[in-house]
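K.L.:
Protein sequence lines correspond, in order, to chains C and R.
For the first sequence, position 80 matches number 80 in this note's numbering, and the numbering has no gaps at all.
Position in the second sequence (first residue = 1) + 1000 = this note's numbering.
Keep in mind that the hints were calculated from the coordinates and are not lab data.
Beta carbons: idealized from backbone N, C-alpha and C, even for Gly.
Mixed in with the good hints there might be a few duds.
Cut-off 27 Å, straight-line C-alpha distance, at most; resulting in silico cross-link-like pairs (DSS-like, lysine-lysine) [stated by the list, open to error]: (1) R:LYS1320 <-> C:LYS213; (2) R:LYS1403 <-> R:LYS1110; (3) R:LYS1203 <-> R:LYS1276; (4) R:LYS1121 <-> R:LYS1320; (5) C:LYS239 <-> R:LYS1002; (6) R:LYS1203 <-> C:LYS130; (7) R:LYS1213 <-> C:LYS130; (8) C:LYS92 <-> C:LYS239; (9) R:LYS1038 <-> R:LYS1002; (10) R:LYS1276 <-> C:LYS92.
Residues on chain C that point at chain R, a partial pick, calculated with CB under 10 Å [stated by the list, open to error]: (11) ASN132; (12) ILE135; (13) THR190; (14) ALA203; (15) TRP208; (16) ASP211; (17) PRO212; (18) LYS213; (19) ILE219; (20) THR220; (21) LEU222; (22) ILE223; (23) ALA227; (24) LEU232.
Some chain C residues flagged as far from chain R (calculated, every beta-carbon gap over 10 Å) [said to hold, decoys possible]: (25) GLY27; (26) PRO124; (27) LYS130; (28) TRP236; (29) GLY238; (30) LYS239; (31) LEU246.
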Amino acid sequence: MNTTILGWVTFIYLAAFAFFILRIVLGRRYFGIAGNILTAAGFVAHTAGLVFRWVESYHLGYGHAPLSNFYESLVFFSWTIVLFYLFVESRKAASTIGVFCLPISFIFMAYASFSPGISSQIQPLIPALKSNWLISHVITCFLGYAAFVIASVYSAFYLYRLRASGHAASANGIEERIYQILVIGFIFFTIGIMTGSVWANSAWGRYWGWDPKETWALITWLIYASALHARLIHSWSGKRFAILVLIGLASVLFTYFGVNYLPGLHSYL
Amino acid sequence: MKLAIWLLLILALSSIVGTLIPQEGPGVHLHLSPGLLKVFNALQLSDFYHSFLFLSLAGLLGLNLLVCTTRRLPSLVRSVRNASSGGIPANAHRTEINVAGEDTGSTMLKLEGIIRYRYGKVSREESSGGVTLSAQRGRHKRLILSLAHLSILVIIFGMIAGRFTGFDAYVELAEGTSTDRAYLNSNPGVVDLGFTVRCDAFKADFYDNGMPKEFLSELSFLEDGRTVQQGSLMVNHPVSFRGIRFYQSNYRVGYDARLNVVQGSDNESITASAGKEYMLDDQVTRIRILRIEDDFMKMGPAVQLDVSGPDSHGQVWVFKYIQEISSAIPDLFTRAPQFNPGRFAPFVFSLDGLTHHYITGLSVNRDPGGVIVAAGSLAFFLGIFTALLIPRKRIWAECRDGKISITVQPGISPGTPDEEILHILKEVNGELR
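Same shape as in the complex, but just chain R (with noise of 0.2 Å):
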């Protein structure tokens, strides 16, 4: 248990090192110099609760419980039969007792009554020496508290076998879009629904001082093509479909662009959302949207447009106010031809606005794991509080010599084992009187 002891100040000394650092952050290695960051990466300090060095104490803990308890095992199991298994410890509080005018036969006998009523089951063993009566309440607790200890290990085993079944996933869903996969956040990894989930709306709703309210997105959840289940997500009440459980994690917003493309007396609008392409009329021209800017360099709406034609290829800023902006800077297409909307003639692009649209953050994940931790968990807590309310007591009555003494071992319970003592005399001698 000493060991213990120290391995359980050691982990707690060492769990301590990665709220200090940050975990998996992406800006923690660009302040390191070389050396510090080998050191770094050979600890793998950065994501330390995954170390070797912090899984094997977790893992020596484990170890030692489990050799500990196990080892206690069938010791306990046979003081739960017998409470004088292992004799009388050292450490007991014991009484010599004097009864006046009595031979001790009889007294024994006495003190049995008062023991089995306030004790319950009385052993009696009989030796050369004399007679040793014993008893005990709260049989059961050292056992459950034994047990409560390897149910850590059932927890420890839920979190292992998690993190080998299940997955930890996010996506991002636009609203009216839908997809069948999602990105793994540990490791660069693709996981396979097996079905598909669409993003029909979301919803931000905030109180009148600005904070958040609540986040909802409507989800439907499809296979073949068919409409399975629909669920609203919100923060706290997640969703689950085929063993998966879908969380509202965040949400930004997202922009479309109306853009309109004039080629002499043709005139073409255009709904374009970012990283999409599109054909031109022209049928050999194609744009595709880099950028949406709510507003680009303070001067308003703008899109970022890759346009490849025939002869020629480039990229071009198309703003709302181009008329404003141009006005205002009268060279302006020639210092940034890149803001000239007509850089690639015969097209002349303009933007007529943007709508928004909200983009729906989902955390994904299946964690097969735990069901075995959350029983792992309840167990340990029913086991220590059940434990602590069943008070340990034993009690020896010894006669030996012609000599009557009382021992009292007391767990944590109301009551000194002077005044359990002092109790059992008044009870003998009211008898005797």
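Next comes chain C alone, as it looks inside the complex (with noise of 0.2 Å):
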């Protein structure tokens, strides 16, 4: 049930991806308009899976918030960058980066939902999982990486616009946002962090044992807190910034992706 839910709202993304493409090539608002309207619509369908299978975990008798394996933390990256991108969106009507962040969620979604190596199953909880800590770690972390994710979306833009104008005043407001965005990530990036570590005291005994994805969890903490930085001094800011922050969503990446081909405690994600 949940699941063909869930991979009707791979295909509403890629509609609104379509769209969004549209308004870029033939420039008519109301393509835009459309595009928002579908991810809205997939974003409550979206809502609703989720929801649906934490009903249906219950039925199972396991009775968990659906965080716990790969597939569910793909659709729940997935459903927190829609939800980032609405929040820009409805802020700042521009429609212009849901080219860029509908992709991202599409791929999410597609990859949780046909890849053959990932069971779509609901799985109970093993030990290390029980914990009140999962579902403020989890989303804590996952509303950080979206964040990021946002935020390397407009750097991306912003390099293009300088690109394109030669100068950065055109560019001006858009540094601004990036910067808010990345605040708000690195807030619930660093609550992520801590709360995982007070999970991890409780779990393992020790509040840090550089585990791989705790030491990369750190990386990505310490290039976005450099970015953060960086904005504050007249050399840095700007073009530097906006590549430390594409630094860094290379490192959220990796973070999430890359840490599981490592060796360490961290491999039901």
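Hints are included, so try docking the two chains, each in its own frame, into the full complex.
P.N.:
Rendered as structure tokens:
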């Protein structure tokens, strides 16, 4: 049931992406509006899918939030990206970044739904995951990730603008927005690391153990800390700032995907 | 701050090293040539996060933080009291305003009222050149942010303190056994707990699909032979006693062997555990249990014994299904005498079977620095979070040579400087009309 809904959500996001492309290519505003309406509809269905999955896990007798395996984390990551996109869009309707955000959400959903290596079955929780910290840790981390993704999308857009126009003035407002989104992401990610270390302290007996996932989270945190400071120095703001945000994205993606190829304790994501 | 950015980035870059090289893994040295091994050891690459290189980088960042923050602190404290301390910044947004048909003095008076209403306390400075009014909102923002930065040093201090005053150890307890010591993880060594911990029972629960559901150790803590405290230890639910915390880390299955020893008409049965030594009925011969195997070489349960008698010493494997095995391989005992249960005449050994019990693996640690780290983290988080919620905005109204100008410097806050100035202008003009 929930996987069927979430499968459909994948295609809604693909359709929204198509509308955003039309918006850019044909330059008609109403395509952007249609794309946003589809995105919002997809988001509602996405949320419903997550809620159904949660309820279903109770019917199976497991009863846990849908945040416990690779399939669920991909679906949730995609959800947070769309949530952030809609949030930013509602404050500043520009329909310019939809064409970058929606394909990301689409790819995560498609990967989760159609990759043969990923089981979409609801599984019970292993003892290490049975903790009240699961929900707060996962949600804050992914909200942080999503903010970093959106900030990176804006950074790519900013660098493109900079190349196209040759001077920073036309892109000044974007830099301010990147910074604001980054601050939000940084705060969520900081809470994510803190809740994670409280959890690690009760599960493994140490709040920090240089597990690859922990270390890569720290690397990501350090990169974004440097980006936040870079903004305040004249010679580092602008182009260098935007590049740092993009380097941070590479680190986010490695923290999320790449670490699983290294030995460590976070094998369940 | 430029140095800080570089240090942050270098620290991030060097942190990657330790995730690519296995840390303190026993296998790591096996695959390296001696030359490479020397490089590894010199740079302490297999314990990278405690290596000189990494710690000095972290130390430099800490030092940078301390120096920068303490150097800024006095001016920050001053700026809390006075908005215009340090003068009007060059990059602030400045607009000249014209007020027709009114003298600058009364316009400044109005401006003072408007600014006081919007920003709070206004300070007035009069010099030979003219009058400057200044005010600020969110005066504590930067001070709070600085304190948040300093709390990172508290975190580092807590980590160091924990490393020197606490310990990380591990101990295995079979059901029904107890210990008063644990084994250090980092270096070979033993921790004297100062009390006795006993595992009364261990339970492993599984879901229908075979995935683990719950691991639980029932622990008792004893002092001078008396049980002082009891607790159920589960994953994610540590148990604490006298400042030392116990964590459910892992478990394994241990076996006991039900051995039979026949000597002529004497039949003796022994329930034996691995590593233990037993005296046989002749009061001279001893057996020590070397290994107990659930399924040895696909031939079922087996026990390896070390037998030492007055005139013989050696080892023997005792199989449960020795009849079946020896009838399938008729010349077994000539080819492998160590499988002959009658190897040490007059004794003949046989194995009735195995009983299994659980052995629980406990992490044992003490970390007095943890509280400091937690306090530092909380302070850091609250600091950056409240600083974010407080928008800092400064405003100056200057009257010089009969001209009035307004300067606004926004922090991270809604509304641009233009909007702010426009709003103030509307108020000034609205009152004029």
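K.L.:
For every hint, state whether the structure bears it out.
P.N.:
Going down the list of hints, with the structure as the test:
no.	hint	result
1	R:LYS1320 <-> C:LYS213	violated, 47 Å
2	R:LYS1403 <-> R:LYS1110	holds, 15 Å
3	R:LYS1203 <-> R:LYS1276	holds, 25 Å
4	R:LYS1121 <-> R:LYS1320	violated, 92 Å
5	C:LYS239 <-> R:LYS1002	holds, 16 Å
6	R:LYS1203 <-> C:LYS130	holds, 16 Å
7	R:LYS1213 <-> C:LYS130	holds, 9 Å
8	C:LYS92 <-> C:LYS239	holds, 23 Å
9	R:LYS1038 <-> R:LYS1002	violated, 35 Å
10	R:LYS1276 <-> C:LYS92	violated, 75 Å
11	ASN132	holds, 9 Å
12	ILE135	violated, 14 Å
13	THR190	holds, 6 Å
14	ALA203	holds, 5 Å
15	TRP208	holds, 8 Å
16	ASP211	holds, 9 Å
17	PRO212	holds, 4 Å
18	LYS213	holds, 9 Å
19	ILE219	holds, 5 Å
20	THR220	holds, 8 Å
21	LEU222	holds, 4 Å
22	ILE223	holds, 5 Å
23	ALA227	holds, 9 Å
24	LEU232	holds, 7 Å
25	GLY27	holds, 28 Å
26	PRO124	violated, 5 Å
27	LYS130	violated, 6 Å
28	TRP236	violated, 6 Å
29	GLY238	holds, 14 Å
30	LYS239	holds, 14 Å
31	LEU246	holds, 14 Å
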